[in-house]
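Participant: Produce the entire structure from the sequences given, and follow the hints as far as they go.
Top line first, the protein sequences correspond to chains H and Z. Position one of the first sequence corresponds to residue -6 (this note's numbering), numbered consecutively onward. Position one of the second sequence corresponds to residue 418 (this note's numbering), numbered consecutively onward.
Incorrect hints may have been included.
[What the hints assert, rightly or not] Covered, in the sense of this in silico footprint (three residues per stretch, anywhere, with C-beta under 8 Å from a C-beta of chain Z), are these stretches of chain H: (1) 26 to 39; (2) 72 to 79; (3) 105 to 118; (4) 179 to 189; (5) 252 to 258; (6) 329 to 340; (7) 393 to 403.
These aren't lab readings, by the way, just hints derived from the structure by calculation. Keep in mind that this is a model prediction, so the values were computed, not measured. Ideal Cβ positions, reconstructed from N, Cα and C, are used throughout, including at glycine.
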Amino acid sequence: MDKLKNLAEDVLKILKRHSIEGADVIIVNSKSTNIKIRKGKIEELRFSNSKGIGIRIIKNKKSGITSTNDFNTEKIEQQITNMLDMVQYLNQDPFVGLPDKSITGRSHQEIDTYDKMIEVIPMEDKIRITGQLEEEGFKYSKLIKNSEGAQWNDTSSKIVLASTNGFLDGYETTNFTLSLILVAEKNGSRQTDYWYSKNPFFKNLESIGSIAKKAAKRAIRKLSPKKPSTCKVPVVLDPDVAADLIGIVATGCLGTRVFMKNSFLAGKLGEKIASDKIKLVDNPLLPSGVSSRPFDDEGVTSRKNVVVDSGFLTKYLCDSYSARKLKHPPTGNGSRTIASDPISGISNFYLEKGEYTPEEIIKSVKNGLYLTHVHWTGVNYVTGDYSRGAEGIWINNGELTYPVQEFTVSGNVLDMLQNIEMVGNDLQFRDNISAPTILIGDITISGR
Amino acid sequence: MEELFGISKTQLKKILTQALSRGGDHVDIFFEYRATSFIKMEENIIKTTSYSISSGAGIRVIDGEQIGYSYTEDITFDNLKEAASAASYIATNKKENLIAPIQRTRKRNLYSVSTYSIEEPISRKIDLIETVNKTARGYDSKISQVTVTFSEELRKILYVDAEGKFFEDIQPLVLLTCYCIADDGKTRQGAGVATGGRSGLEFYEIDENSPTEIATEAAHIAVTNLDARPAPAGSLAVVLGPGESGILLHEAVGHGLEADFARKKLSNYSDKIGEKVASEHCTVIDSGLIPGLRGSINIDDEGTLPEETIMIENGVLRGYMHDILSARIMDMHATGNGRRESFKYPPMPRMTNIFMKPGNYDPEEIISSVKFGIYAKRFAGGQVNIVNGDFTFGVSEAYLIENGKITAPLKDVTLIGNGPDILRKVEMVANDLKFSRGGWTCGKNDQRVPVGIGMPTVKVSEITVGGTKL
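Facilitator: In C-alpha cells, the structure reads:
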C-alpha cells in the first residue's frame, strides 16, 4: 500500500510541474486466483496479478484521462505530456473539475473490507473445496448428469487515490466467490442452472453443501418445462429477479444518465414512482457488502443514500460532475476504471425488506407465475419499457406447480414499481444488488 | 529476432523449460502490447478523451484437458519464470518435452491500413465526430441529445511455444458510434448505431460507413420509434433483416458450435455431426478471412491460420469451431478459432465472423409472403443458454408486416425461442447477404473479443414475440 501511495505522490509531483488546474490519480492493484474444476479434474487454474494507474488531468476547463499498467515514472510522464497535447483539442466544459475538498475524505463510520484469510488459505485447500462443491452437486441426485464446473475465485485489491486538492488515501478489499453450474437430465429434457455465494469474508460464504443443493434443485425443478399461454397474471419475482428489476431502477437513477435524459427517471425527482411499500437504498458502508468502500473513486466520502422512500424518488446517485450539472447534493457515487472518466455508479444497492414470508406471497396467488430467471437485454432505459425472455414456475392455488419456459414478460418498469403489492422479509445481501421476494400485480406474459 | 520484449532466445528456452518442469503436452508464451484511445462528444462539446496502454505476457501450460495460466505485467526474465512455475502447477504427466527451435509461422494479410488510426492526429478524429453530431442534430428538430464516440485500438501480439511456433501480429480496430435521443414533448426514444472494423481512418471515406450515414441512421430510428406502437404478443412469422440479424445466428447457434461446449456434451449440437439440425435453406459459416471485419484475424491467438469453417451445410451439421486443445481432444483439425481477450487469459474456441450463406430469394419476395408478422431490423443484443439452445433477443428497430407490406414501427420487441428450433423453421433465405459493421463484442467466461456477424434477409415461420398487446 505504501509503495502505491509513494507512486501516487511521485506522479502528483510530475503533474504539478505542468501548468494545470487540477489532477487526480487512481492506482489499483488486484490479485486473484481462479480455479475451475469439472468432473473432478482441474480444467483451468488461472493466477492474476494486475495493476494500473489512471490519471485525470484538468486544464483550462478541459479534462483528459491517461492510463497504463507500466509504473515507470518516466513513461508515465511521457503519457502525461501527450495527454496535455490531446486535451487542447477538447471544448471547454464549465462543469469539469475535481470534487470540492470539503466533501472528500474517509467515512467516519469504520468499515471492514478486508479479510486476512485471503493470505493464508493454501492452494490445496482451495482446490479441495472447489472439487467437493462439484462432487456434492453430483451426489444430490441421479438426475444431475453433467456439470459446467465448480469455480473458486478470490480477489484482493488495493486502491489508492490522490489528487492535487491534497487527497491521499487508500483501502484494501477482498472478495471470495464459489459457484457451481449443473446440468440435469430426464426423459430427453436437459436443463442447466447455477448457484453461487459471494462475500468479502471467507467465513460468510454459504456452505458448499448449501450451494451444491441449491444449484442441483434449481436445475432439476426446471425439467420438462411447458410454454405458458399468452396472458396477464400476477407475478412473484424471486429475490434474484427482483434484484434484477431493482438494478434497472438503480441504473435509471444514475446522475450520468439523468442529465443526458437517458433515463426513465429523468425529471421525476420528488415524484411518487413506486408503491408505498418501496424503499430503495444505496449503502457503501454496508457491513460485509461486496462493494463497500470508505470513499468513492473521486475521494468523496461514502454515505448511505435513500433513493426511494415510501415510493417517492428522493435522490439521484451522482459523481461530482453529474452532481454539479444537476445541482444535486453530492452522494459519493463516483465510479471509474483507471482508463475512464468518473461516472455515476452504485455501491451496495438494495430494496428494504417487507413483512411477508416468501411462502405467504406465493400462497396469495391463485393463478400466476413465480419468476426465477430473466434474460439480459430487453430494457429501454429511456422509456422504461421492459420485455424480457424469462423462466419460472407456474403458481396454481398458491402452490408452485410445473416449470415454464420460452416466454417473455413485458411492461414498463414504472408501472411495475407502482404495482408492487407485497414485499418479502427474505432480503439477503448476496451481491451488489439485492432484493427480497416481491409480488407485482398483472404483468403481460407472451407465450403460446 | 534476437530479443522479444527484451527477453533473449536463450532465456525464452529456459522459461519454456521451467513451464514444462512437471510435464504437460503444450506450453506457450503470449506477449501483448495494447494502446487504446477514446474521444467523446456530448451536449455539442468534445467533452473527454482518454489514452491507455496495457502490456504483459502470459504463460499457458496444457496437460491433457487441464490448463494452467499465469501472467506478468512487468516483462522480465525472473517474472516470466515465476509465471511459468505457477502455470505448471496443474501438470502431472511428467512427460519429457524437448524445446524445438523457433520458426516463424505463416499468417494472412487482412488489414489494409495505410496509417494506424491511433497514430493519426486527434483533429482528424474530432472532424469525424463533429460531422456525426452535426448531421444527427440537423436530421430533425426532435433530436434532443446526441452522444458520439470514437474508439481505436492497436494490439501488438507475439507468440512462441515449445513446438517452435512463432508469430507476431499487429491488429488495428476502430469504432465510431452515434447515440441519439428524440423527444417530441410527449415521449422520448433513444437509438444507437456504430460502424467500424480492422482498418484505418480511410474506412470512414466509404459511403456506407461514412459519419453522415451513421448519424442519419441513428437519428432516423430514434425519431421513427417516437411513433412506435406496442408490439403484438405471441407466436408470429418473423422476417430477419440483412446484416444486423446475424446476432441471432451468433447467439442462438454459434455458441453451441464452439467445440469446447460441444466436446463437454454441454451443447445442443454435441454428437450430432452428419445429422440434419436445420432446414435445408441453412448453411452456417464462420470465416475469419473477410478483410477489414471486426472478427477477422491474420492468425489466431495460438498460431493457427483462420479459415472458412462450414459448420452447417444445407441443414446438416458438418463440424465445430476449434482451438488447438479441443481439436486435439476431439481428433479434428484446429480451425483458427483460438482467441483470447488479452495476455491475462488463455485462448478458447471463439467465433470470428459468423454468417449464413445467401439463398435465391429476392428480399421483397420474402416480405410480401408474410400476411401478419414482424420485420426485425436492428438488435440491442442477446443471450443464449448453450445447454438447451434457448435464446432471448432485444430488437431495437422492428416493424409490423401486414399483408406483405412493412407498416408501423414497433416498440422494444423481444424475440424468444430455441436456436436449433428456429433454424428448422427457416423457410426462405434471400440473396442479399450483408455483414454488420457494428461494434459487436462477444463475452464468454469473462473474456470479451471483437466479432463480426452477417446475414441475408431470412424468413422464420414463427418465433415467440414478447410484446404488450394481447
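Participant: Evaluate each hint against the coordinates.
Facilitator: Going through the hints against the structure:
1. 26 to 39: Answer holds; 7 residues pass the 8 Å Cβ test.
2. 72 to 79: Coverage by chain Z holds for the segment 72 to 79 of chain H (4 residues, Cβ < 8 Å).
3. 105 to 118: Coverage by chain Z is violated for the segment 105 to 118 of chain H (1 residues, Cβ < 8 Å).
4. 179 to 189: It holds: at least three residues are needed, and the segment 179 to 189 of chain H offers 3 whose Cβ sits within less than 8 Å of chain Z.
5. 252 to 258: This one holds; 3 residues, not fewer than the three required, reach chain Z with a Cβ under 8 Å.
6. 329 to 340: holds (count 4)
7. 393 to 403: n = 6 at 8 Å, threshold three: holds.
Checked against the numbered hints above, the structure breaks only hint 3 and satisfies the rest.
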